[in-house]
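Trainee: Letter by letter, the chains look like this.
Protein chains: 2
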Amino acid sequence: MIKIAVDGMGGDFAPEPIVKGTLAALEKFDNIEITIFGDQEKMGPFLKKHDRLTVVHTPDYLEMGEKDPIKQYRTNKELSMFKALKALKDKEVDAVVSAGPTQALVVGGHFIVRRMPLMKRVAIAPIIPSYDKRGRILLDSGANVDLRPEHLRDFAVYASVVAKTVLKRENPTVALLNIGTEEGKGRELDVETFKLLKADPEINFYGNLEPKEIFTTEADVLLSDGFTANMVMKAMEGTAKGLGMVLKREIKSSFISKIGALLMKKSLKNFKRSLDASEIGGALLMGLDGVVIKAHGSSNDFAFFNGIRQAKEMVEADVINKVSEALEKKEVEEK
Amino acid sequence: MIKIAVDGMGGDFAPEPIVKGTLAALEKFDNIEITIFGDQEKMGPFLKKHDRLTVVHTPDYLEMGEKDPIKQYRTNKELSMFKALKALKDKEVDAVVSAGPTQALVVGGHFIVRRMPLMKRVAIAPIIPSYDKRGRILLDSGANVDLRPEHLRDFAVYASVVAKTVLKRENPTVALLNIGTEEGKGRELDVETFKLLKADPEINFYGNLEPKEIFTTEADVLLSDGFTANMVMKAMEGTAKGLGMVLKREIKSSFISKIGALLMKKSLKNFKRSLDASEIGGALLMGLDGVVIKAHGSSNDFAFFNGIRQAKEMVEADVINKVSEALEKKEVEEK
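Protein chains in written order, with the UniProt record's numbering: chain A, 1 to 335; chain B, 1 to 335.
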């Protein structure tokens, strides 16, 4: 039985979609048990009894707009998110899923769950949409503004394990996001990381990848530092949102277009869905000594359900141990 | 009379769209004279006599795939692009327009035209599409991987002058691209640049802007270093291209969608056009001691025509002198 802790109060619309997504996951997967931490009174209207669901009444929780997660952590360790992480630390559960503020989850993860012994940094790794609908792992999407080449190499090892075991890619490739495809392009960080990835026998290195191929590339893992990958991710998001608005404006501009759009209704819905990362799951916090999934802040039931599914798959695939083994092997070789 | 030098052989499809765009510009604007540098034999089939057009036979030119522009410059200064730049240096013309390789134009610009005395770096500044169709200036889009805050501040001064005089924005705002909106977000470069821009009386500072607002923001100028802004630009390009492909795939997926798309033909065409930067013009090389416009490598007639229009407007607005005055004033104040 896989045990998952859910932060019932994280997310813009919590607790409704969190509770509903949790119940849907329990319905769908009969090999999971869930402990949900949250305000019993607020969750009450949406909760149903389930023999694999435990509710831990936790009246305190983080506000979504919270700007200073370190202070929050110091002030009150009884917040729903931190209690879920504590359960993971204490091995009461195998994974945590939260739609709460990313930085708080990163801070809480560091202080409570702690890093894997051989990982020096923790990355945020969302699965982003792709033309072939299979998704791509993009990291570090925002946890570390300053990274060294070795940190990026360790992330590449971790992400390769996830791509193989969870996303079921055979021999997954890792691309370095860069301003040009030739070796030697980019900043010193990129030049050095290129060399390290190219020389590593455990990594199937794709080479440099320009973000103009980001939606159509064959590469499975897209790698850069936490500033750059975050900017790229947000530029994708902004462009997709902007183009959706333009399309709507153009459709509304004439009667005949509106008729056309009605006939295209199913296609336009599929178009919209293909950009929707919540179809695939949340972001993985890579580097913690346990499985922690950050569901999107604006998660609906289905998005949160997918975050739980992803956590379950990570535990089933024994990702943490596989990554530990890969990193240990690497350390032995380098000595 | 405004004099413009055109590199007749630059661009993926040169010389045809270059010559045709040049003739269209001469037709449209009666206050310009154009000197076109290129292979007379190759340009011949598309050339027409025009009393404000001079053809300078220049059989040598850069290949678009050229990887080592510095070597090219050292080897042969008689290439069409470099002869056009030389004409600008010698004050025979007021501006240069080329669709040739960007890095060659940057290198040629540095060595031949030289920098404005008070500009320490040269930025690439394209005008990118926006929801309101007016475009935004994005810089530095790829000339400098390493920049200091003062360089970014100087670019902001330059871009503000262009936004005001050429794009006709009243009191244009400059946004710093960043991973969060609060002051203090980002790398050291971003934190220091934020302070400098905020304190500058000549710059109407918008604050930090996350790229998820890139298509819809009110800000007129979007600023970052040459690595980041290039990545953001390419992520926009990749997302727009990818989404276009998804839309096509969805339309083709059913008969009824195809009918719908036929009815929406005009809307879909407008949708596509709204993403097309060639509607607005080329990229400006900011910091050279003269107006140099880099038209898109895949320019068609209309895109190249727009590059010429943009060069003409830059000269009409006396941008180089206005920027020099602003930077001189700043230098005096800082002493």
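Any given hint might turn out to be false.
Because identical chains share one entry, a pair is satisfied inside a single copy or across any pair of copies.
[Claimed, not checked] In the DSBU-like style, the derived pairs of lysine-lysine whose C-alpha atoms are separated by at most 35 angstroms in a straight line are:
| # | residue 1 | residue 2 |
| --- | --- | --- |
| 1 | Lys164 | Lys322 |
| 2 | Lys48 | Lys198 |
| 3 | Lys212 | Lys42 |
| 4 | Lys198 | Lys67 |
| 5 | Lys120 | Lys86 |
No lab work stands behind these hints: they were computed from the structure. Only a predicted model underlies this, so the values are computations on that prediction, with no experimental measurement involved.
Trainee: Hint by hint, say whether it matches the structure.
Mentor: Consistency of the hints with the structure:
no.	hint	in the structure
1	Lys164 with Lys322	within (11 angstroms within a copy, 57 angstroms between copies)
2	Lys48 with Lys198	neither (52 angstroms within a copy, 53 angstroms between copies)
3	Lys212 with Lys42	between (45 angstroms within a copy, 32 angstroms between copies)
4	Lys198 with Lys67	between (39 angstroms within a copy, 22 angstroms between copies)
5	Lys120 with Lys86	within (21 angstroms within a copy, 53 angstroms between copies)
Hint 2 alone, counting from the list given before, is not met by this structure.
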